[in-house]
Amino acid sequence: MARVVFEHVTKRFGDVVAVRDLSLEAFDREFLVLLGPSGCGKSTALRMIAGLEDPSEGSIRIGDRVVDEVEPKDRNVAMVFQSYALYPHMSVRKNIEFPLRTRKVGKEEREKLASEAAHTLGLETLLDRKPAQLSGGQRQRVALARAIVRRPDAFLMDEPLSNLDAKLRVQTRAELVELQRRLEATVIYVTHDQVEAMTMGDRIAIMSDGVLQQIGPPQSVYEKPGNLFVARFIGTPAMNTVTGPVVPEGEGLAVAIASSRVPLPAPYAKAVGDAGLTGVVIGVRPEHLTLASEGLLPATVSVVESLGHERHVICRLEDGQMVIVRQQSSEPAPGEGSMVRLATDLHHLHLFDVHTEQRIEPA
Amino acid sequence: MAASGRPKARRIATRALRYLLLTVLAVVVLFPLYMTIVNSLLRPSQIAARPPTFFPTHPVWGSYSDAWNAGHMGRYLVNSAIVTTIITVGQVATAILAGYAFAFLEFPLKRTLFLVFLATLMVPFEITIVTNISTINDLGWFNSYQGLAVPFLATGFGAFLMRQAFLQVPRDLQDAASLDGYGHWRFMSRVAVPLARPAVAALSVFAFLGAWNQYLWPLLVTKDEKYRTVQIGLKQLRATSIDQVNVTFAGVIIAALPLVILLLVFQKQLVRGLTAGAVKG
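Chains A and B, in that order, give the protein sequences. Going by this note's numbering, 241 is the number at position 241 of the first sequence; the sequence numbering is gapless. Going by this note's numbering, 229 is the number at position 229 of the second sequence; the sequence numbering is gapless.
None of these hints come from the bench; they were simulated from the model. Since we're looking at a predicted model, the values are computed, not measured. Glycine included, every Cβ here is placed at the ideal spot set by N, Cα and C. Hints are supplied without guarantee of correctness; some may be wrong.
[To be verified] If you want the footprint, here are the derived chain B segments under chain A, 3+ residues with CB under 8 Å:
(1) 160 to 173
(2) 178 to 191
[To be verified] Subject to a maximum C-alpha distance of 35 Å in a straight line, what follows is the list of computed DSBU-like cross-link-like pairs (lysine-lysine):
(3) A:Lys94 x B:Lys268
(4) A:Lys73 x A:Lys94
(5) B:Lys268 x B:Lys110
(6) B:Lys223 x A:Lys130
(7) A:Lys130 x A:Lys104
(8) A:Lys94 x A:Lys130
(9) B:Lys8 x A:Lys73
(10) A:Lys104 x A:Lys167
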């Protein structure tokens, strides 16, 4: 296995910049997830590693080798596609053997490797079927078998679970991670599904508009989103963000939300004051908000969604901004239309510059 | 029960009507063929008789051997087979190459070139005859197989049909194949063409039909018996056995037999090729 490195890679399609100055490293044996909404450039980045697209600027290394001038077939990477890209006219066995056949591996060796790959993914009984005779999950496993049979330096996966139904997706998610650990493989995995990213990745790299927004272990990205985009993208339901002007409050500073004031803890107040910011965005995760009689912000409950084990209370603040509170189902549920007050522990606050949208770290 | 009885009766009536319509259509299509077979087995006097005979009670099988011998059908069939094979193979090969280029390759003026290909579909064959004759003449290809076949080795229709078929091949397959070391040539021959098999079969049948049934062009570029094709042979047969119409009918059946066999063998692919892409799945 090998590490994969992007060095200031930019990719343009005509006037459109799909990937902008991307510098990124997937470590050896790491499960790195490229996460972002559709059109953010994550698939283009993956295709550049495979050699299916050429970078307009910058270069890519696989292991210690710069691969910019290397043909896709000589990069020794395997790719798993969202559509699985199985050859419909070939049996499962032939599909798995295909990469070996093109590399002129002898028949005996080929059969042995294909059988091993099929065994690893539990496909032994399906070898003589055609892809059309398989379920989505089985096809997906054939695609994986075809990828692992070559023993590549890195696996590239482009939304491989998107075509599976929800239940199978959860199961396959765990199986994929198991497989990666067993093979000690470097995996670069593209998805728009942040749950997949959070659960599977050793690290996640979040992209938007072709720009890398943040990279880090899932928990740290969740706890310390680097900017407003990441804050809103990671987490379900998304982080609550409300915008307001910075106003003086006694000795310190506060953020004015309609008629209320949210006092900023001293280190934040200092950072905001030092930067001379006039407006900020406050972010609070739904699980860090509670309904309390002495809460800071008054709100009206508009909808209560019950998910069985938990509840999402969707409220409107006085100025119309929407806020979601996550409750355990054991807590008392508020009635729709009722007036409530929202409270939070102030150390759960995230603060962002209203203009640059970057995270403000306490001074 | 009464409530479900009416729709059931209606369903049966609809189905009966549908079968009746199909039967009528089948009769309309097959009747001329049937009458050709019947007439080939009657004496000339019976053919001329009114009302016509619909069932040959004493079939005259000799008309087939007469047609075969007097009309040199053997020689003509071989010529037709040679020319048709060259044209069919040539058309399919050029159509696959052109269709693949239009579907999978990027090159300057691709769209314009494709439109030019399409535009050739609007030009009737008759318009090109004079130019083609003079070209064949310049090349000294009168009375030759190449003179009969070469003008038909590439068609805009074939390129169009294959392009459409190749466009149905998912892009991911090409990406996967290129990661596995397949260039265009191997991807085309091992993946794209096998997946486009219905279209290839349909095109083969069309090319075969067109080539086999050619009359005007072979008539214009051949004078020598040695190179004349079966359709011209039929015309000659009619002229030489004017008092033996049954022999002409027998010749028609002999000339049509290879086509009928071909259609029976390929009918599934033909229908699939024509309706490919019409229904998702």
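Results of checking the hints against the structure:
no. : hint                : verdict
1   : 160 to 173          : holds (count 3)
2   : 178 to 191          : holds (count 7)
3   : A:Lys94 x B:Lys268  : holds, 26 Å
4   : A:Lys73 x A:Lys94   : holds, 18 Å
5   : B:Lys268 x B:Lys110 : holds, 33 Å
6   : B:Lys223 x A:Lys130 : violated, 54 Å
7   : A:Lys130 x A:Lys104 : holds, 23 Å
8   : A:Lys94 x A:Lys130  : holds, 9 Å
9   : B:Lys8 x A:Lys73    : violated, 61 Å
10  : A:Lys104 x A:Lys167 : violated, 39 Å
Going down the numbered hints, you'll see the structure goes against 6, 9, 10, while the others check out.
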